[in-house]
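Colleague: The lines below spell out each chain.
Number of protein chains: 2
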Amino acid sequence: MTSIPWTDWGQTKPALTGRMESLLRKELSSTTPSTAATLDDARLPESALAPAAVGDLGRIVGPGHVRTDAETRARHAGGQAYAEIVRRRAGDAGAAPDAVVLPGSADEVTAVLRACAEHDVAVVPWGGGTSVVGGLESIRGTHSALIALDLSRLDALLDVDDVSSTATFQPGIRTPAAEEALAAHGLTLGHVPQSFERASLGGYVVTRSAGQASTGYGRIDDLVVGLRMATPVGELVLPAMPGSAAGPDLRRLVLGSEGTLGVVTEVTVRVRRTPAVKEYEGWMAPSWEAGQEAVRRIAQVGPHPDIARLSDADETRVSMAMSSTSGRSRALLSAYLRARHVSEGCLVITGYEGDRADVAYRKSAVRKMLRDAGAVRLGERAGQAWVHGRFSGPYLRDSLLDAGVLAETLETATTWRNLPTLYADVRSALHDSLGRALVGCHISHLYPTGASLYFTALAAAEGGREAEQWARAKRAANDAIVAAGGTVTHHHAVGTAHRDHVGSELSNVGLEALRAVKERLDPLGILNPGKLLPLA
Amino acid sequence: MTSIPWTDWGQTKPALTGRMESLLRKELSSTTPSTAATLDDARLPESALAPAAVGDLGRIVGPGHVRTDAETRARHAGGQAYAEIVRRRAGDAGAAPDAVVLPGSADEVTAVLRACAEHDVAVVPWGGGTSVVGGLESIRGTHSALIALDLSRLDALLDVDDVSSTATFQPGIRTPAAEEALAAHGLTLGHVPQSFERASLGGYVVTRSAGQASTGYGRIDDLVVGLRMATPVGELVLPAMPGSAAGPDLRRLVLGSEGTLGVVTEVTVRVRRTPAVKEYEGWMAPSWEAGQEAVRRIAQVGPHPDIARLSDADETRVSMAMSSTSGRSRALLSAYLRARHVSEGCLVITGYEGDRADVAYRKSAVRKMLRDAGAVRLGERAGQAWVHGRFSGPYLRDSLLDAGVLAETLETATTWRNLPTLYADVRSALHDSLGRALVGCHISHLYPTGASLYFTALAAAEGGREAEQWARAKRAANDAIVAAGGTVTHHHAVGTAHRDHVGSELSNVGLEALRAVKERLDPLGILNPGKLLPLA
Chain A
20 MTSIPWTDWG
30 QTKPALTGRM
40 ESLLRKELSS
50 TTPSTAATLD
60 DARLPESALA
70 PAAVGDLGRI
80 VGPGHVRTDA
90 ETRARHAGGQ
100 AYAEIVRRRA
110 GDAGAAPDAV
120 VLPGSADEVT
130 AVLRACAEHD
140 VAVVPWGGGT
150 SVVGGLESIR
160 GTHSALIALD
170 LSRLDALLDV
180 DDVSSTATFQ
190 PGIRTPAAEE
200 ALAAHGLTLG
210 HVPQSFERAS
220 LGGYVVTRSA
230 GQASTGYGRI
240 DDLVVGLRMA
250 TPVGELVLPA
260 MPGSAAGPDL
270 RRLVLGSEGT
280 LGVVTEVTVR
290 VRRTPAVKEY
300 EGWMAPSWEA
310 GQEAVRRIAQ
320 VGPHPDIARL
330 SDADETRVSM
340 AMSSTSGRSR
350 ALLSAYLRAR
360 HVSEGCLVIT
370 GYEGDRADVA
380 YRKSAVRKML
390 RDAGAVRLGE
400 RAGQAWVHGR
410 FSGPYLRDSL
420 LDAGVLAETL
430 ETATTWRNLP
440 TLYADVRSAL
450 HDSLGRALVG
460 CHISHLYPTG
470 ASLYFTALAA
480 AEGGREAEQW
490 ARAKRAANDA
500 IVAAGGTVTH
510 HHAVGTAHRD
520 HVGSELSNVG
530 LEALRAVKER
540 LDPLGILNPG
550 KLLPLA
Chain B
20 MTSIPWTDWG
30 QTKPALTGRM
40 ESLLRKELSS
50 TTPSTAATLD
60 DARLPESALA
70 PAAVGDLGRI
80 VGPGHVRTDA
90 ETRARHAGGQ
100 AYAEIVRRRA
110 GDAGAAPDAV
120 VLPGSADEVT
130 AVLRACAEHD
140 VAVVPWGGGT
150 SVVGGLESIR
160 GTHSALIALD
170 LSRLDALLDV
180 DDVSSTATFQ
190 PGIRTPAAEE
200 ALAAHGLTLG
210 HVPQSFERAS
220 LGGYVVTRSA
230 GQASTGYGRI
240 DDLVVGLRMA
250 TPVGELVLPA
260 MPGSAAGPDL
270 RRLVLGSEGT
280 LGVVTEVTVR
290 VRRTPAVKEY
300 EGWMAPSWEA
310 GQEAVRRIAQ
320 VGPHPDIARL
330 SDADETRVSM
340 AMSSTSGRSR
350 ALLSAYLRAR
360 HVSEGCLVIT
370 GYEGDRADVA
380 YRKSAVRKML
390 RDAGAVRLGE
400 RAGQAWVHGR
410 FSGPYLRDSL
420 LDAGVLAETL
430 ETATTWRNLP
440 TLYADVRSAL
450 HDSLGRALVG
460 CHISHLYPTG
470 ASLYFTALAA
480 AEGGREAEQW
490 ARAKRAANDA
500 IVAAGGTVTH
510 HHAVGTAHRD
520 HVGSELSNVG
530 LEALRAVKER
540 LDPLGILNPG
550 KLLPLA
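Protein chains in written order, with the numbering used here: chain A, 20 to 555; chain B, 20 to 555.
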């Protein structure tokens with residue numbers, strides 16, 4: 020991790036293809052390449068953490084695990100929202116916490132919370148650092164200082180129960196490590212968001228993440244069966260229960276709590292046998308509407324694939340431009356699609372993971388529904404192309420930022436009936452705000468009652484005013500989403516980005532309920548201030 | 020409804036078969052028949068509701084909808100727990116509310132809550148009256164009086180969205196009426212608990228009900244997509260969202276809230292196309308252990324049936340004794356089972372609802388898993404026998420009470436690994452407490468990580484001390500459940516029956532979180548006092 024530049028997602032940045040560059044030239048205003056500041060350039064304030072607090076925290080976690088050095092602090096200066104990245108690229112690490120504290124056990128987490136309460140220090144629980152909604156912003160509020168509570172040392176698989184198909188982890192484990200540990204038991208969690216390589220299990224839980232295979236495996240909400248959470252007033256312990264009617268399901272109060280109520284110290288999740296077969300294929304739907312009708316039927320009638328994605332025509336165009344297919348293959352594909360009247364079509368990806376008979380049965384039924392909707396099969400190569408690029412988004416963003424392109428995403432969800440309106444309105448809002456822009460969208464999480472919409476916006480970055488440029492677009496999109504009855508976030512959480520709009524979904528009484536819990540469990544308000552709940 | 024005796028579940032009571040009578044004679048201590056008091060015998064106190072409150076409430080809902088007559092009050096004197104029934108059978112309607120108020124709209128509910136706050140009147144929200152955990156007990160606490168807020172006038176289907184597969188109902192609708200309204204649109208909710216004929220949709224929501232087909236259709240928790248709830252501080256509005264990460268899922272705070280936080284006034288649920296095919300069949304597993312292994316595999320590997328039940332040997336014996344099969348058929352069946360070495364076996368019922376191809380696929384896969392476990396197919400007649408009797412439990416209880424038999428049920432759930440211990444411990448606790456007793460058990464709700472256990476206990480009633488007799492057994496069972504790591508309730512809610520044990524599952528911090536919400540939304544504590552949360 021430490022060898023990755025502090026501004027970047029990974030060690031490598033994919034080159035933009037020639038076709039992608041020409042698409043950007045054609046569709047966006049002219050762009051100015053930009054370079055990212057290195058760690059040596061990072062400007063950050065002195066740590067405001069009092070020496071007495073440093074001492075007390077060091078006695079709890081060991082002095083080596085209270086880090087006040089510039090590099091560690093700068094690497095915790097916010098998450099992965101566009102505004103945070105451009106800030107760091109400009110050398111501004113002003114958002115750095117006053118210290119990074121790395122507890123080694125659940126008891127140490129509890130003790131750290133107690134010490135922070137005593138010293139009036141705000142705490143930002145820190146998993147993989149991948150929040151794209153400002154969930155990791157250093158908002159000190161009225162407190163004397165702020166620490167990032169980095170959970171990366173709490174990365175163990177604690178228990179596997181293969182009779183009950185559950186596994187218990189510490190919260191800081193990154194997904195590749197979790198999957199590797201499970202694979203040794205022939206098991207998998209199957210939770211695969213785009214942030215897969217860096218995000219932590221605890222982060223998934225508190226942000227209500229949905230993985231790329233959520234259509235088959237379910238959201239993280241559906242996978243959590245038990246939890247422990249340290250709070251300033253004691254430990255919340257929710258033992259693994261397959262089903263219960265013992266009051267409201269308090270796991271669901273932790274899911275989505277974004278570190279404002281406590282720090283998750285243990286998570287028991289449902290796991291599955293490693294699938295014997297994984298098959299992915301691409302299809303081309305003749306239109307966005309026809310594709311929507313197909314995926315709706317797949318979600319409601321079943322059986323369904325584990326992965327189902329439908330890109331709109333613009334996103335399909337961008338995907339094609341970024342694909343590594345040779346010119347000759349592309350020409351053949353174009354001719355093939357033109358002959359089948361889907362040349363301006365919408366890409367569909369389906370994926371199946373399971374045993375051979377199960378995959379064959381589901382694939383056959385889904386194929387029929389796709390054909391009924393007029394979709395044309397592109398085959399497994401298109402599926403594999405998606406698999407190959409499924410985690411490339413954040414890497415590509417770094418390349419786009421270097422090229423002077425604003426690149427950001429947002430997501431929403433609504434009922435099937437409401438989806439077309441929501442789609443049109445958010446798209447318009449982004450186009451109206453950004454001017455010349457490429458705005459693509461896909462549906463990637465199917466439910467019987469509706470689906471998510473995931474937008475990607477590309478525009479020429481307004482050098483020096485990148486954050487404001489996106490903030491305007493984001494506000495326009497949020498307003499459009501709320502007006503059209505969508506959720507302000509399907510799987511990225513609230514953080515600061517959706518704080519002012521969350522009340523429209525939860526209502527004032529709902530916010531009051533959350534405030535009441537917050538005040539009871541965190542009476543001094545030290546936990547992740549300024550996140551989730553609208554500011555008073 | 021009014022023509023049903025106030026002590027009974029229905030207008031008819033099934034006769035006990037001769038074989039059932041001889042089984043009871045053989046296994047229980049000697050019983051003394053008992054008769055139930057009629058409404059004319061019902062003793063109840065004067066209404067304590069002040070005339071000013073009656074007047075104000077009448078101005079809100081109409082004077083005819085504030086009922087203080089003895090019959091209406093007596094018919095709201097508690098729910099369907101054994102202790103409540105025996106109390107009514109003895110002519111004791113002391114648990115009657117001071118009035119029954121029937122609002123005609125959500126706005127009237129809000130106004131009633133406001134008036135009750137003004138007049139210091141406790142409110143017990145009342146749906147179908149079927150709580151078996153004391154959820155409808157009249158616990159006035161320190162308040163001046165107590166009303167039952169009967170929601171039966173709020174029984175409309177408000178909206179059907181057949182694009183999104185959702186339907187919006189008022190909370191008081193009973194399930195047969197809801198299903199009839201949906202059937203006109205070719206739709207079904209598929210939520211079918213044993214209380215189906217009388218229970219209300221709002222009741223399902225606030226008690227976290229699970230229907231007999233929950234393995235296929237999901238619990239009510241999974242079916243609710245949107246909600247409105249009137250509270251003393253305003254309305255909680257949670258619009259229908261297929262998926263969201265906008266903070267904790269507050270629907271889950273309403274689910275299981277048991278009328279302690281507010282009154283649900285609108286519920287949007289997921290619905291499905293009416294299945295083309297419904298098929299049920301019976302199997303005999305060679306043992307409880309083999310049956311468990313089979314249903315676990317069904318739940319974890321899939322595909323699964325919509326209904327899957329496994330009875331232990333004792334429950335299988337009782338089912339056989341109550342079946343209407345002729346002596347000759349029984350003898351043939353016994354010979355058939357003996358020849359296949361499952362004569363002391365455990366009955367398995369599987370049910371499939373869907374389109375023809377889907378049902379055929381699932382049935383074939385499940386049959387193979389049952390055969391692998393050594394189960395022998397009894398066929399569709401055994402499945403139909405179960406269908407025929409699936410709602411008969413509460414009727415049969417009335418007959419058993421007449422015969423002087425204590426008849427009560429309780430349920431729990433745990434992980435698959437923990438299930439055998441939980442089963443053995445609860446069974447022992449019931450036997451130890453009740454002495455000579457018939458204790459049967461079944462698994463009827465499968466999850467990938469575990470399952471529920473549903474116990475039925477029959478014993479000779481201790482005339483005049485029935486409530487104490489069961490309270491002892493229930494306490495022993497609750498203690499055993501908690502000690503073995505099960506939930507104190509899988510789908511009957513907490514009420515008063517599990518109030519003292521719920522803390523073991525939610526932990527003190529969890530209880531504090533619930534108390535905080537309760538105090539914020541219901542600052543005067545008028546909503547269903549004494550339920551769900553342990554008494555201070």
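Please keep in mind that the hints were generated in silico from the structure rather than gathered at the bench. Worth double-checking, as some hints may not be accurate.
Unchecked claim - In silico DSS-like links for lysine-lysine, alpha-carbon gap of 25 Å or less:
#, chain 1, residue 1, chain 2, residue 2
1, A, Lys-382, B, Lys-537
2, A, Lys-387, B, Lys-297
3, B, Lys-297, A, Lys-537
4, A, Lys-382, A, Lys-297
5, A, Lys-32, A, Lys-45
6, B, Lys-382, A, Lys-387
7, A, Lys-537, B, Lys-537
8, A, Lys-387, A, Lys-297
9, B, Lys-382, B, Lys-297
10, B, Lys-387, A, Lys-297
Colleague: Hint by hint, note whether the structure agrees.
Modeller: Hint check:
1. A hinted pair counts as satisfied when its Cα atoms are at most 25 Å apart, and A/Lys-382 with B/Lys-537 does not qualify at roughly 48 Å.
2. Under the criterion of a C-alpha separation no larger than 25 Å, the hint pairing A/Lys-387 with B/Lys-297 is consistent with the structure, at around 24 Å.
3. This hinted pair does not check out: B/Lys-297 and A/Lys-537 have alpha carbons roughly 48 Å apart, beyond 25 Å.
4. At roughly 11 Å between alpha-carbon atoms, A/Lys-382 and A/Lys-297 fall within 25 Å of each other, so this suggested pair holds.
5. Distance restraint check for A/Lys-32 and A/Lys-45: the Cα-Cα separation of roughly 23 Å lies within the 25 Å cut-off, and the hinted pair is therefore satisfied.
6. In summary, the hint linking B/Lys-382 to A/Lys-387 is supported, as the alpha carbons are separated by about 22 Å, within the 25 Å threshold.
7. For the hint linking A/Lys-537 to B/Lys-537, the alpha-carbon distance of about 13 Å falls within 25 Å, and the restraint holds.
8. Straight-line distance between C-alpha atoms of A/Lys-387 and A/Lys-297 comes to about 19 Å, which keeps the hinted pair within the 25 Å bound.
9. For a cut-off of 25 Å, the pair hint linking B/Lys-382 to B/Lys-297 stands: about 11 Å separates their Cα positions.
10. A threshold of 25 Å between alpha carbons decides the hint, and for B/Lys-387 with A/Lys-297 the separation of about 24 Å falls inside it, so the pair holds.
Violated hints, in rising order: 1, 3; the structure is consistent with all others.
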